[in-house]
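Asker: Residue numbers (my numbering), protein chains in the order written: chain A, 1 to 138; chain B, 1001 to 1413.
Treat the hints with caution; some may be incorrect.
Far from chain B, some chain A residues (derived; all Cβ distances over 12 Å) [as the list claims (entries may be wrong)]:
1. R32
2. Q39
3. L42
4. D57
5. L88
6. A89
7. E93
8. E95
9. A99
10. S104
11. V114
Restraint ranges, calculated between C-beta atoms of paired labels, are given here [said to hold, decoys possible]:
12. A:E93 with B:R1277: 54 to 60 Å
13. A:K36 with B:T1088: 32 to 38 Å
14. B:P1297 with A:H25: 54 to 60 Å
It is worth saying that the hints were derived from the structure and are not from the lab. These figures come from a predicted structure and were not determined experimentally. Note that CB positions come from ideal geometry on N, CA and C, so glycine has one too.
Next come the chains, spelled out residue by residue.
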Amino acid sequence: MSDPRLPMTVSRAAIELDQASRGEHVDFDATRRFTKFLQDSLQQDVEPGGPHAVWLDANTVDVVGHALLQVEEGGMVRTVQDVFEHALALAIEMEKASATTGSSDFDRLRRFCVAFGNSLLSHRASLKHEGPINPHRR
Amino acid sequence: MDIFVLSCVQAQVDSVLAEIARIEGSEFPYKHTQEAVKETKALFETHRASLASISERSDKATAELACSAAFVDLSESIDLLGFLLRSTNVRNAFEAYGPLLRIARQLLGADTRLIVSSEWYFSPFTYLGYQYLPNFVLIGLPAPESSNPFLLPLAGHELGHSAWTLCGLARQMEKAVEKAVIEEITQGWIEYESFFHSFKPEQVGTDLFARPMWKPAWDWALRQCEEHFCDFFGLRIFGEAYLHAFAYLLAPQRQGMRPLIYPNLKTRAECLDDAAREYGLTVPEGYADMFENLQDPAPEQLRENLLLSLADAARTKFVDVLRSEVDKIVSNAGILTRSPALVENCGKRLALMVPAERSMGLANILNAAWRGWLDPKFFSDQQYNGRKLENLREVVLKSIEILEIEARLEEVT
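The following block holds chain A by itself, in its conformation from the complex:
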């Protein structure tokens, strides 16, 4: 989540999906890169011997969770497990959309990219006030 290229990558993915939704020819380069990032982030970590609950790092849950709450229907995303399952499903859909010329719900995928991008930027902005600052600076 701390990769500074990520906001630009997801923004370009949103642009590509927006263009595709209008029937324009798109190379889906950024969409593929964002999809790979998402798949890499969703590393399933299961406690041995324990209940089969997924572990995702707290920042991934924060950013992806907020994005999903914007695009998925009310009440469908409530737990870390829900975040994992819904985000994985969207990553699979994006992979298909960038690989085939068949119809895909480009608009839904674009909305997710936009929601993710805004969630990420908001998360970054919340980190900026933690360091010591000169009290004389305004």
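Following the hints, complete the assembly by docking chain B onto the known chain A.
Answerer: This is chain B only, laid out in the frame that chain A set:
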């Protein structure tokens, strides 16, 4: 998307690219800065192309995200560009660059690139997470101290920040600290129940609406663990010289609020004291007593105090583990830490106001330097004791230069 707003962002991106073109015309003492400038330029050229692809037909939210993404990179890269430009300034101790680069490469990999610069800011710092600058370590020292060799051990702390991520510890600790915070809450549920009043203990870790309530404690605990790790890193590489440099910078700090992402000051010093003994170093008597803890949040800030107590409780569980991890990482890298005999030899040369030869490592020179500082009659020739620090700095920097020359000659023979 308001066309005016889009044109503002495009103009700002163009301004940054023009500034980068000017920086490219600077004289670079080593190539890594040039490479970093080139990578930053590529990032903004991509933004320029991205913004150019937005048209009147573009979805409004998509266009706004493209502008926001460019704007965030603008706001986060300007101080980096300043850092890169200042790395060319003669105020920096270029003599130390070669030895520090060798240490960085031994610890972090042969393809590590290092940039040392200065900042008009009180504390040494590093930049992390610029993924478009892979394998780069960026270390900044306070501008008035950027040529002060006595503070070079603090670069060891900053190297620790890069090691924290590269050695995979960041990821391990994210999970371990989360588990510790949740355990702390569920085992002390009576104390925390009113804070998490809408939730059951078993929901605290999994519910998306419960998690943000404790997440700041997780973040603070994780950052505090990282700071302990980095302190131990600097200590393990530079020995007692790190203790002295740390005290130089932070012991005078008595007032102000405790930054929540750091362990408190005296706590840090006490942990350094313990670590130094475990690493077989000699701790100055009363070392931790030189420091004072800074103020915690005011009692009426109930939420901050609760979260901070959670963070501190989680962090303390990992101090011993972090100390051992650092020892393992530095030992496995084959870093030559300070040798009492070589420190003694360096000291004898420095006391004659003669640069040390065959020091065999930066740690030996810097430990000898600090012994010189702490000895009021260090120089054999009394005439040098009048301006002792100035004279010591000069002869120490020359010793570091000789260290680098010897290393380069050894490479070719």
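Asker: Hints first: check each against the structure and report whether it holds.
Answerer: Taking the hints in turn, this is what the structure says about them:
Distance check for A:R32 against chain B: the nearest CB is about 16 Å away, which clears 12 Å, and the non-interface claim stands. Residue placement check: A:Q39 keeps its beta carbon more than 12 Å from all beta carbons of chain B (closest about 16 Å). The beta carbon of A:L42 is kept farther than 12 Å from every beta carbon of chain B, the shortest such distance being approximately 14 Å. Non-interface call for A:D57 relative to chain B: violated, since the shortest CB-CB distance, roughly 5 Å, does not exceed 12 Å.
Consistency note on A:L88: stated as away from chain B, and its beta-carbon is indeed over 12 Å from all of that chain's, at 16 Å minimum. Against the 12 Å criterion, A:A89 stays outside the reach of chain B, whose nearest CB is about 17 Å from its own CB. Residue-level check passed: A:E93 sits 18 Å from the nearest beta carbon of chain B, beyond 12 Å. Every beta carbon of chain B lies more than 12 Å from that of A:E95, the smallest distance being close to 20 Å; the non-interface claim holds.
For A:A99, the shortest C-beta to C-beta distance to chain B comes to about 21 Å, beyond the 12 Å cut-off, and the non-interface label holds. Residue placement check: A:S104 keeps its beta carbon more than 12 Å from all beta carbons of chain B (closest about 16 Å). Not every CB of chain B lies more than 12 Å from the CB of A:V114, the least distance being 5 Å, so the non-interface label is violated. A hinted range of 54 to 60 Å for the beta carbons of A:E93 and B:R1277 is consistent with their spacing of about 57 Å.
For A:K36 and B:T1088, the Cβ-Cβ distance of about 37 Å falls inside the hinted range of 32 to 38 Å, so the restraint holds. A beta carbon spacing of about 56 Å between B:P1297 and A:H25 agrees with the range 54 to 60 Å that was offered as a hint.
Of the numbered hints listed earlier, those contradicted by the structure are 4 and 11.
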